[in-house]
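J.: The listed protein sequences derive, respectively, from chains A and B.
The opening residue of the first sequence carries number 7 in the working numbering; numbering runs sequentially from there.
The opening residue of the second sequence carries number 777 in the working numbering; numbering runs sequentially from there.
Just so you know, these hints were derived from the structure itself, not from any lab.
Everything numeric in this text was worked out from a predicted model, so none of it was measured.
Glycine residues also receive a C-beta, built at the ideal position from the N, C-alpha and C atoms.
A few of these clues could be false.
What the hints assert, rightly or not - Covered stretches of chain A, going by a simulated chain B footprint (3 or more residues, C-beta under 8 angstroms): (1) 244 to 258; (2) 268 to 280; (3) 294 to 301.
Said to hold, decoys possible - Partial selection, computed: residues in chain B whose CB lies under 7 angstroms from chain A: (4) T791; (5) N912; (6) F920.
Unchecked claim - In silico negatives: residues of chain B with every beta carbon more than 10 angstroms from chain A: (7) L782; (8) I825; (9) V835; (10) L847; (11) F855; (12) T861; (13) L885; (14) I894; (15) P924; (16) A946; (17) L997.
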Amino acid sequence: MITNKDKVQAVEQFAQQVVEVEGRSLWQDARRRFFSNHAAVVSLIVLALITSIALLGPFLSQWHYEDIDWEALSDISVLGRPNIENGHYFGTDTLGRDIFVRTMQGGQISLLVGVLGSFVAIVIGTLYGATSGYLGGRVDSVMMRFLEILNSFPFMFFVIILMTLFGRQIFLIFVAIGAISWLDMARIVRGQTLSLKNKEYIEAAYACGVSTPKIILRHIVPNVLGIVVVYATLLVPNMILLESFISFLGLGVQEPMTSWGALISEGAQNMEIAIWQLAWPLGFLVVTLFCFNFLGDGLRDALDPKDR
Amino acid sequence: MFTFVLKRVLEAIPTLLILITVSFFLMHSAPGSPFSSERTLPPEVLANINAKYHLDEPVINQYFYYLGGLLQGDLGPSFRYKDFTINELIAQSFPVSAEIGIWSFIVALLIGVGCGVIAALRQNSWIDYSVMGFANLGIVLPNFVLAPLCILFFSIYNHWLPPGGWNGGAWPYLVMPVIAMSTSYIAQIARITRGSMIETMHSNFIRTAKAKGLPKHRIILQHALRPAMLPVISYLGPAFVGIVTGSVIVDVYFGTGGIGQHFINGALNRDYSMVMGVTILVGTLTILFNAIVDVLYAVIDPKIRY
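All chains should be modelled from the sequences, with the hints used to inform the complete structure.
T.: Spelled out as structure tokens, the structure:
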């Protein structure tokens, strides 16, 4: 009897312990894993710093991104050097414009374009993939066939045609580029959806008479968000690179506005006279891209259930 | 296998047709014409030129003229380079792009796979970290930055290599384009190889091979490498096309005269037939290489049957 009573007590104690241990949701779990990844956390902090300095930087300088410093213009290779005293923290370009302010302003454009383009790609890709995967059958095969055809189009062709169609309105262009770079996203989401659609809760929703669009939006999409977030982080640096490439070809933002790509392209032309004109925007671009890549890897480790 | 290849080829035809149609109408809907330049031509001359190229007819008629020519393998005359046909221009520039592309591809594949395998075998050691650090750097350093840096280092500071030109593809002219082109692909391939190699090395058949007492190099070369290559191969199709079309930057910087330059100029000057020609070429290559990748997949992975 005594032993039995002991057992009952032990079980009660254990039960109390079990009650005290809180259940962890997927997102809590992911957060814990993410914060134990130092590279990813540091990247997040650096990205936050870069974003805030890009937004606040123009207010910290006495120069405006259009202003020309006529004094420095007389001898760029000496007077245009980075200098704290005359307010050109990063130096000036060969036209006498302040690199610090221009780098910050270019950063705003580059980051905005990266985020905007990815956002468009994600919205289209997720909805397309989830619809195709959930509906299945003939609809699915037609939708995937369409995707394959789009995939065999030379990508650069579209970008350049869009540039000529839209002129140089950079944001419209990036909405358009986002609208054609959703292909991978759609394929990934479709794969996830295929494994989700036979789950009990989807069946339950169907049995309750929830309409198909609502099942896709309320039940499928939230459950593929994890993988979407990961690929979004990896998409942003690609968008920034693409914007740089277009600016490099001289098709990007309109002067006197600028972007990191345009600054690098100008800097590369003048690298023998004024290496700082290349070095600063290039440094910012490379650090940003690095951080996005590490952030993406960290998020993938945290959220991708396959790699556990 | 033969029927599978045949099926892939037949499937490519409607895809190509859609590609041609869409790009044709997109290109023609862009404002401006190949002959709208700063120095305006007399209206009679313009009318004559437009009539010669059928530009005065409705777009739909132009489309059928173009398709008719295409069926006979004629990509049409260039609007920009008078006296040249697109066939001639492509025949001139494509070998250049292809040579740079093939060398970059070989370099990227050898170094990328090598780095990836070494990093995977020494996982979480300093070798792993330095290889992957380099790989990340290769991804974030775009080739339009690498190209000027190469010129600065190899030609201006050290006078080792000529800063540009082609010279029939002599090797000193090839080195910098190949470096600029292959770096990001080396990085991507190394990352993919490392990931799949680590996964393969943890699988059961590798444990069996180890238990049998096979020497390490045989385990890696004969057992691990083949399955680990599968994800790399699926990356190679798009990568190859990317390398051929990515020659834009290389052409601009090193003046190699590849196909990328024509493409950009064609789009900017509304040289309709040039853009169409390059698009068709690249589209065909893409479809071709995706098909080759599928066949390679079947050869390497015994689980896939057609």
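J.: Indicate, hint by hint, whether the structure satisfies it.
T.: Going down the list of hints, with the structure as the test:
| no. | hint | result |
| --- | --- | --- |
| 1 | 244 to 258 | holds (count 5) |
| 2 | 268 to 280 | holds (count 5) |
| 3 | 294 to 301 | holds (count 4) |
| 4 | T791 | 5 angstroms, holds |
| 5 | N912 | 6 angstroms, holds |
| 6 | F920 | 5 angstroms, holds |
| 7 | L782 | 18 angstroms, holds |
| 8 | I825 | 21 angstroms, holds |
| 9 | V835 | 15 angstroms, holds |
| 10 | L847 | 20 angstroms, holds |
| 11 | F855 | 15 angstroms, holds |
| 12 | T861 | 20 angstroms, holds |
| 13 | L885 | 22 angstroms, holds |
| 14 | I894 | 20 angstroms, holds |
| 15 | P924 | 4 angstroms, violated |
| 16 | A946 | 25 angstroms, holds |
| 17 | L997 | 27 angstroms, holds |
Hint 15 alone, counting from the list given before, is not met by this structure.
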